[in-house]
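Here the protein sequences line up with chains A and B, keeping their order.
Take the first sequence: its position 103, counted from the start at 1, is 88 in the numbering used here, and no numbers get skipped.
The numbering used here runs 53 ahead of the 1-based position in the second sequence.
Read the hints as simulated data drawn from the structure, not as lab findings.
There is no bait here: all hints are sound.
Listing some non-contacts, in silico: residues in chain B with all C-beta distances to chain A over 10 Å:
#1 Glu75
#2 Leu129
#3 Ser142
In silico DSSO-like links for lysine-lysine, alpha-carbon gap of 30 Å or less:
#4 Lys94/B / Lys53/A
#5 Lys94/B / Lys62/A
#6 Lys45/A / Lys94/B
#7 Lys96/A / Lys94/B
#8 Lys94/B / Lys119/B
#9 Lys117/B / Lys67/B
#10 Lys94/B / Lys41/A
#11 Lys117/B / Lys94/B
#12 Lys67/B / Lys94/B
#13 Lys108/B / Lys73/B
#14 Lys62/A / Lys41/A
Treat the numbers as computed from the prediction; the structure is a model and nothing was measured.
Ideal Cβ positions, reconstructed from N, Cα and C, are used throughout, including at glycine.
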Amino acid sequence: GDSVTQMEGPVTLSEEAFLTINCTYTATGYPSLFWYVQYPGEGLQLLLKATKADDKGSNKGFEATYRKETTSFHLEKGSVQVSDSAVYFCALAYNQGGKLIFGQGTELSVKP
Amino acid sequence: GAVVSQHPSRVICKSGTSVKIECRSLDFQATTMFWYRQFPKQSLMLMATSNEGSKATYEQGVEKDKFLINHASLTLSTLTVTSAHPEDSSFYICSAPPEQGLYGYTFGSGTRLTVV
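Just chain B, with the same shape it has in the complex (with noise of 0.2 Å):
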């Protein structure tokens, strides 16, 4: 079936510097893929969608500059945080539509990213 690769899993990072998460459809392209962040007990809040070769489009109330979202290839997908502050230390979660014909959305594992 349909993987995506998310990593880090982990990242620690000081208050102030850039954190780059990448996601990887590994044997499908992916077009679209949302990018979801969940605070603990708590529901995933979309916080952006991207396509490959357009600008990605965010949701009320995130920060663009903040959330830099690229859409590289069909293949590859980035969240990069910058300037990171305490306040960003979330579980970023990215997702994949389904191909054409197939069952479901495809979820990445997640990365925990703590700013100290």
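Looking at chain A on its own, in the form it has when it is part of the complex (with noise of 0.2 Å):
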């Protein structure tokens, strides 16, 4: 079935250091691709999605470019702050309303 890979946590960085957070998925079919941020005791907002191979989601200084010849889907921002430290979560859905298919999040720690 389809499932989503990410790296093991906790991360720890200093900031303005370079975050690359890997994320690797199985998929029959050709899904979309997100990346959630969850920070503490709060719920889910989305922070990029990409919809078709080749496609980079952006949004807050975060990337992420769809791999299809290497099923991946990297979190990648060149300059961390404090302010990012949260739990991410990539996952994928088909289709417009399917369900989204969460890797196991990965916990990430910044320190001034």
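Using the supplied hints, reconstruct the complex from the two chains, each of which is provided in its own coordinate frame.
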């Protein structure tokens, strides 16, 4: 079946460091891919998405490119801030309104 | 943008009692609502999908009689945890899929359930 795998956390970085959180997926079809962020004690917020191969999603300095050949959707940011500390989830879904399948989440901690 | 209001945000209940969690779509009609459960430091596990006007679809391994899901209207979906036990303590989150043409799924803010 379809699944999403993320790199294990926690990831601890200093402010202004470069961030990469790896995400790979297994899919029987051609899903849309998402990154969601969850701040402590809160629900999930959409960070970015890509709907087809080679699409790049970007938001708030974060970006991820849908790589069909490597079945990956790695999240990157050039310079992280303390306020980026959160749990990041990679996810996939088929069709408009299909259920989201989540990776296990990666906790990011950014130190001043 | 689309907003899903979920409440209560926190609830503590005694073992054996039932707890109802509500999710309301405030500015749009949600014909479908996904219900997730999240354990500490873990991912979101899809429990069931509710559809307005029909029975909910449960994921494998989820007890239908324990987690009652009702989609009473186009703006309200509820999850009732019946005869709660400490192992039901968790973070429950609802999510509505995007309306046609809109950007992404909308999540409720979650409910922290603690069964004592």
